[in-house]
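Model the full assembly from the supplied sequences, consistent with the hints where possible.
Line by line, the protein sequences give chains U and L. Residues 1 to 314 in the UniProt record's numbering are what the first sequence spells out, letter by letter. Residues 1 to 314 in the UniProt record's numbering are what the second sequence spells out, letter by letter.
Hints are computed from structural coordinates only; laboratory data are not their basis. For clarity, every value in this text was computed on a predicted model and none was experimentally measured.
You can't tell identical chains apart in this list, so a pair holds if it fits in one copy or across any two.
Cross-link-like lysine-lysine pairs, in silico, DSBU-like; alpha carbons within 35 Å at most:
| hint | residue 1 | residue 2 |
| --- | --- | --- |
| 1 | 58 | 85 |
| 2 | 246 | 133 |
| 3 | 246 | 299 |
| 4 | 246 | 85 |
| 5 | 167 | 85 |
| 6 | 96 | 234 |
| 7 | 30 | 58 |
| 8 | 85 | 124 |
| 9 | 58 | 299 |
| 10 | 96 | 30 |
| 11 | 248 | 281 |
| 12 | 58 | 96 |
| 13 | 30 | 124 |
| 14 | 124 | 248 |
| 15 | 96 | 124 |
Number of protein chains: 2
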Amino acid sequence: MEVESSTQAQTYRAALTSIQQLVHIEEHVKNYRPQILVLTGLPNTRPALVDFAYLICKNNSLMVCGNVVEQERLTFEMRSNLQQKAYRYLRFTNIKGFCSVADNSNLHTGVAAMLGLTGVGKVKPNILMMGYKNDWLTCDRNSLDQYVLTIHTGFEMNVSVVILRLKEGLDCSGIIADIDDLILKAPTKKAKENSVCLLLQFKLKFDPLRKEGPRKTRRKRKTKTLLEGNQLPKSVLNSIILFQRKQKKDTIDIWWLSDDGGLTLLLPVIINRRSNWSETKLRIFCTASGVHELENEQKGYESNFYLRKDYLIK
Amino acid sequence: MEVESSTQAQTYRAALTSIQQLVHIEEHVKNYRPQILVLTGLPNTRPALVDFAYLICKNNSLMVCGNVVEQERLTFEMRSNLQQKAYRYLRFTNIKGFCSVADNSNLHTGVAAMLGLTGVGKVKPNILMMGYKNDWLTCDRNSLDQYVLTIHTGFEMNVSVVILRLKEGLDCSGIIADIDDLILKAPTKKAKENSVCLLLQFKLKFDPLRKEGPRKTRRKRKTKTLLEGNQLPKSVLNSIILFQRKQKKDTIDIWWLSDDGGLTLLLPVIINRRSNWSETKLRIFCTASGVHELENEQKGYESNFYLRKDYLIK
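Right, here's the structure in full:
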């Protein structure tokens, strides 16, 4: 205990000293880091969104999963439970991120409070990431207004706004097992990879609604078994684990239509440098003033990019 | 620039790694640290309160100066200005703390948001410190309600509440010079000690309302000059720099009436270990069940205290 406590004290002191040193550092383009507040709700309900944000932040910068509990004032216990649940999921999936819970407000004021208050000193979000609202045509008006106001809030608070869109949507609260159930009922070793798959599989096997007894897990062909034995569409599963899988030789298209500071380029470049995504190619679409200038402008862009991987300029 | 950037990057990474490591550490009595959210408004308006909080946090733990801007939604520029002003003051007075600005709410909801959202992971306030409301008998009802609700908010959010009372009050916004004026008009070397005095002196000399030309500063007898030349009551000055001065051989009285976790004892002990306060003695008042038990109970208390300094038990 004594040794443990003093190690912990050391860690705390180290953290504090570093964030204190950071306070007086001027911000400039060379020390910019994408620090993301990602609106996941409980992170286990939107695994793909969490994975995507972490693809950018891993070993790089701060990631905070934001959970806005609308129109309700949380007691300390409720808030604490929500946070612990979120941290259990992050730990299970081996994601080094933080969680933040805002209550007693609507979506956009909650997000404004988070952007203003979360973090200390320079360790605070400068990007707001959210999922695309797939049901915008059918949802009620208030919910749509809140969504749009949240985007505006991001701009008003001077942070970048990133929206992730997957055709299948991002909310998996109905499909993914509760993290606590899994930890409680199936205390297997932590799965470093495909941990979301494990949660999926668990849900499909142990879901009380399905009334099927647990059977022995075929570990080797986990995903396959899951797909054969249960009626989860392949496209849904793929979209859930999209950002965990090794990507095939494919292309990331970047539409860089105005020189807006370069984040549109920076994020794909970071993603491209992850081992999962290293075989993908960047394809950058820029605007050109005319046919004659094409070659010159291309050279100009190239010299500006500092990309160390192959890329293609259209 | 290159070297600077990579040092900054190192510092950032160190900060991030440490706070990530802290997340999964269980809280227990041995790794408790008093991390304070102190309601100062702009920190230069309540220097004694800031000094008192820093007496506890210096080299120890997190200190965040909270500024709740009531009933107004701040633009990014306004918020940014408030924060920069606060950080300039902290830097000027050599205090390693952080600033947090909440807007668009009343006092207690702003404080609730700060307690819930400020910080990351385990680096977040667990004590709410505020000044005593000296005008509680004469202020308007709403303001008093807000004050009481803020205390309740602290308890509801499961943090400790500390209230600092000085006879002369804490708000010095009328007496202390604006930090920006001082830096702008009198670019002297930073005064490591008595920097608040310098601000006071500056205000008295350069205040446009007084219409006096600046004269040469008599550096040696700063405080004296100030007191002789201007009609600032000595008691007011003393209360402003109370927690910066070296304390005489004096006594800190602690009324430890219930075994409430020990914070009532911890804070004075920390204060007592600061060089300024090292000559003061702790005097602890405890309850006893009866005259006969007095000696036994005293021994019991003594063995529990682990105090390394002299103390007196009544």
